[in-house]
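Chemist: Take a look at the letters that make up each chain.
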Amino acid sequence: MLSLFIWIPIIISIIICFLPSFKNTLIYRNIALITAGIIVILNIILGFNFQTDIVGLQFSESFIWLSWLGLGYDLGIDGLSFPLLCLNSLLTLIAVYITPKDIQRPRFYYGMMLLLSGGVSGAFLAQNLLLFFLFYEIEIVPLYFLIAVWGGAKRGYAAMKFLLYTALSGFLVLISFLGLVWLSGESTFAFEPLKSHSLTVNSQILLLIPLLIGLFIKIPIFPFHTWLPDAHVEASTPVSVLLAGVLLKLGTYGLLRFGIGFFRDAWVVCAPYLAILAGISALYGACCAIAQKDMKKVVAYSSIAHMAYVLLAAAATTRLSINASILQMVSHGLISGMLFILVGIVYKKTGSRDVDYLRGLLNPEKGLPITGSLIIVAVMASSGIPGMVGFISEFLVFRGSFPIFPIPTLLCLVGTGLTAVYFLLMVNKVFFGRLTPELSNLPKVLWSERIPALFLAFLIVIFGLQPNLMTRWSETEATAILYGNQQSITYKN
Amino acid sequence: MVSESFIEKSDQTSTHCYKIDSLCCDDLLIKTGMINFLVEYIWLVPLYGLLGAVFSLPWCFGFIRKTGPRPAAYINIFMTLLSFIHDGVVFSHIWQQPTQSIIFPWFSIADLDLSLAIEISPVSVGALQLVTGISLLAQVFALGYMEKDWAIARFFGLMGFFEAALGGIALSDSLLLSYGLLELLTLSTYLLVGFWYAQPLVVTAARDAFLTKRVGDILLLMGIVALSSDGAGLTFSQLQNWAQTSPLPPFTITLIGLALIAGPIGKCAQFPLNLWLDEGMEGPSPASIMRNSIVVSAGAYVLIKLEPVFNLSPVVTDALIIIGAITAIGGSLIALAQIDLKRTLSHSTSAYLGLVFIAVGLGHVNIAFLILFTHGVAKALLFMSAGSIILTTSGQNITELGGIGSKMPCTTLAYMTGSAGIIALLPLGMLTTFSSWFNGNLKVTWWLLIILLIVNLVNAVNFTRVFRLVFLGKSQPKTKRAPEVPWQMAIPMVSLTIITLLAPFLTLNYSLSSSTSSSMIVTYSLPLIMVSGLIGCLIGAFIPLRRGWNRPIQKSLRVIQDLLAYDFYLDKIYEVTVVAFISNLAQFTTWCDRYVIDGVVNLVSLVTVFSGNTLKYNTSGQSQFYILTIIIGVSLLIWSILSGQWQNIINFWSLF
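Just so you know, the protein sequences line up as chains F and P, in that order.
Numbering-wise, the first sequence is residues 21 to 513 according to our numbering.
Numbering-wise, the second sequence is residues -8 to 647 according to our numbering.
Simulated from the structure, these hints should not be mistaken for laboratory data.
All values derive from a computational prediction rather than experimental measurement.
Do not take every clue at face value.
Stated by the list, open to error - Below, computed lysine-lysine pairings styled on DSS-like, alpha-carbon distance capped at 27 angstroms:
(1) Lys369/F - Lys121/F
(2) Lys464/F - Lys546/P
(3) Lys386/F - Lys57/P
(4) Lys563/P - Lys546/P
(5) Lys313/F - Lys215/F
(6) Lys313/F - Lys398/P
(7) Lys215/F - Lys369/F
(8) Lys546/P - Lys386/F
(9) Lys174/F - Lys386/F
(10) Lys57/P - Lys139/P
(11) Lys398/P - Lys139/P
(12) Lys464/F - Lys121/F
Unchecked claim - Label-pair ranges, simulated between beta-carbon atoms:
(13) Gly57/F - Arg61/P: 37 to 47 angstroms
(14) Ile229/F - Gly222/P: 28 to 38 angstroms
(15) Pro96/P - Asp73/F: 18 to 28 angstroms
(16) Asp221/P - Ser218/F: 51 to 61 angstroms
(17) Pro384/F - Leu554/P: 34 to 44 angstroms
From the three backbone atoms N, C-alpha and C, an ideal C-beta is built for every residue, glycine too.
Bound-form chain F, shown alone (with noise of 0.2 angstroms):
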């Protein structure tokens, strides 16, 4: 069953490339919407199968692949896989539908877009460090090629440090995972072996430095960021939207499954350090966002602020926390497509995302006013408005680690109000005002384009109204990750 969500989207990603090159190319976007949607399907499937009582893996398929290397092919899923599986289905079906219908080189642009859902529903449902390092560096390569050859003026620039961060970021993990299997004694890369063995401390703390280097680039922390706006406004709409909805969520998902789950002594010390990092990386990231000119960057450096959220509550390692960051990250992924699909939307239609130049959108003949009402939505659900899923999120992000860290919790919360500010500023310069007449003609947006939007809107109302949808398929897991083999963690405070 797992298999399927890697392998189906791998092949068909393999035959799209190798189709014949057809007078009619709508058929490689309607393979690639259908793979898409069998993959929601399927989702759908296993969603009513899962069962959210159960602690540790489902629907395990494991068989030794390379035994001397102690690569196993072990896939499974538990509660903190399935969220993100779920948000990594929705938002490829979502970014492959908001693909304009007269893109370049379509059969290598949807192929590399199947691609890369495989490689990353592959690296939440391995099950062994070297499969999970092998799909997290797979999707390197169709992400690189998607802002390399789709993207904006600078694309170049921007898919280069995307790779050579990525690379970096890939190669300090796999140090860490090397270590770990070395010291430990282990022959194999199989989690759960690995998880019996007790390290010392101190060589925890050398592992699991170069584990959180790597993985705050890919998260990404302050100061390891600087890629993700350059790569944001360079990628074309649903690259972002893939980019900032899923990909991120590697990063926090190693967190919480390799930093809490292989190294729980050293995380315990660490912590401290974490948050402090966190609530830095929050203000700074909402410090950035306040002085942008690009409404994409207003959005990609908002992210950085959002993402630091995760961070945070990881550290503080309470039940309520851990919840609390997996919540986080799927409201995250929500917002922020929504955010890039409406923000896809403007650019598509005014040609421009400088919020100098754009002016008095909202107006309701000649504008975009749903476009905008929408806008206002995605915003206010962002700087956390109660009825919307980034609320409840944040509040127990807080609730969760004020207890343990109450001064970081403090600076993100003040980060908080801050994306009130640099989202306002945003949607005052560019929806309120008077429609200047340069923008007076602008071209109707379709039906067609509203409905993911709409969807995603859809989406973080339901769950903001009843958050227990979604924490019903990670509770118990979250408590798993916490306490892994019955040790309990002793806190500090």
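With the hints as your guide, set chain P onto chain F.
Modeler: Below, chain P alone, put in the same frame as chain F:
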């Protein structure tokens, strides 16, 4: 939203005791059953407003164009009427009933249980009645006021949303729910102030309204997070119990208390978060009616509910009193120098909410409720009359108005009644409220009396001044033709005039209770207050008033007038402090991001074998893979060299 609900009966026997007589007619049973039903489902009342808002969406976005936008308005008015009736029935039946609370288990995770609670008590249902009543009047008023606006559907939708949030706050018995609704109020204020979003002043006003309130809300959220982390439940009754056995050190509790009052400070437009209300006057008048009467009261309502927590720390109660006093006196003075009709009124709103803050700081909760009620009703009336004048004359600069008195009798009457209701001179709402404050049952002091005297006097001067400028004197160019407003606006105005005149009867049962102690202050307070009102009216009646943009010749007078007219230059002060700080910080971090952090990265990439040129110009795709392989190859090489040495390296590190 609500998965299941159950009623927690505070008193088993009396909840269903609607006096079912032994006759036990079917009629009576059905009636009782229905009333019970209405009481238990009182939480539907705010949802009616929300439903109205949702129903008006098709007209807002122009999906239905055939009918014009008017049906959305009718739907919303109907929904508000429905909630008014529902609430009225409940209100008439729960007098003398004990308080019930309904708990909705909303969400629980790990060790956190977030239940939402609502309270059914005479106070909460009465507050809801006030909300739905004023909302109904304001919406009917808007039918006339907004008649020619193209976006009338959007306006009514927002009003429905507004009303829903306000009604929810009236019923809410849970701090978290109240917080959420306050935030929704912030959002809808933003949207309503920004209603005419094409005007530049409106854009800044909407932004400032949102951000100012947001500052308060974030601090409030900090307080809630801290309270909840310290084991206090988040319903108000749990908080009350928690406050009695508070285990926290005084310093922490002071900080929490200060954070909790920050939210209401923002909502009630108190110093230093007061400017948004003044700027918010750029929005449509019917929304101003709501904002100045019940929205500001919503913040105070939450404040009153949190009063037990504030009592734990004297610093917090002192802060409440000081903030209240500064705003009460400062707001009254600023109002004196305004020449915008709505702004003269809005600053006095801040001032009277300041009195509520003082009352809460002193622990006089009932007085706080009374002030909220009398002020809310009278201020709504004043804003209705201001709205009528603005619609008729298309101007709100009071120096350009004049001589309206004889032409618009209904509006004039509304203004007179409204101001009389706010100034404690005639035996209307505010005088009875003040008299019950000073009837000897509560502990009052001289400084309190002095503050009240100043506020009363200054406001009397202000209202009389505005009255002379607008309603008396010769007709000005703008007021030559000033017909009375259409019935949609006149009827709400007349109804509210009557309610304002009746307000003292509602507050009477407090003031008539016999005084237990009679000290000097109690004996002389009431006459003094009335005298202050009278002197204020006389000063207002006889000071020379200028038309046009004349400024005093004497330098000292001019400085004072400017100081007041520009709100003590508060906006300028914010501009050079907070705003400048944030924007400079933003510029600085962006600079750092660009040149320091990214600079280091680019420098590294220059120094390494992959030179900057490769980075910039190479997009072919082939060589990048080459680079990737090199990175992985080099890393494997390093790792294999080191592989034998791991244990040694670790041992080396372990020495430290």
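Chemist: Hints broken by the structure, by number, lowest first?
Modeler: When the structure is compared with the hints, numbers 2, 5, 6, 7, 8, 9, 16 turn out to be violated.
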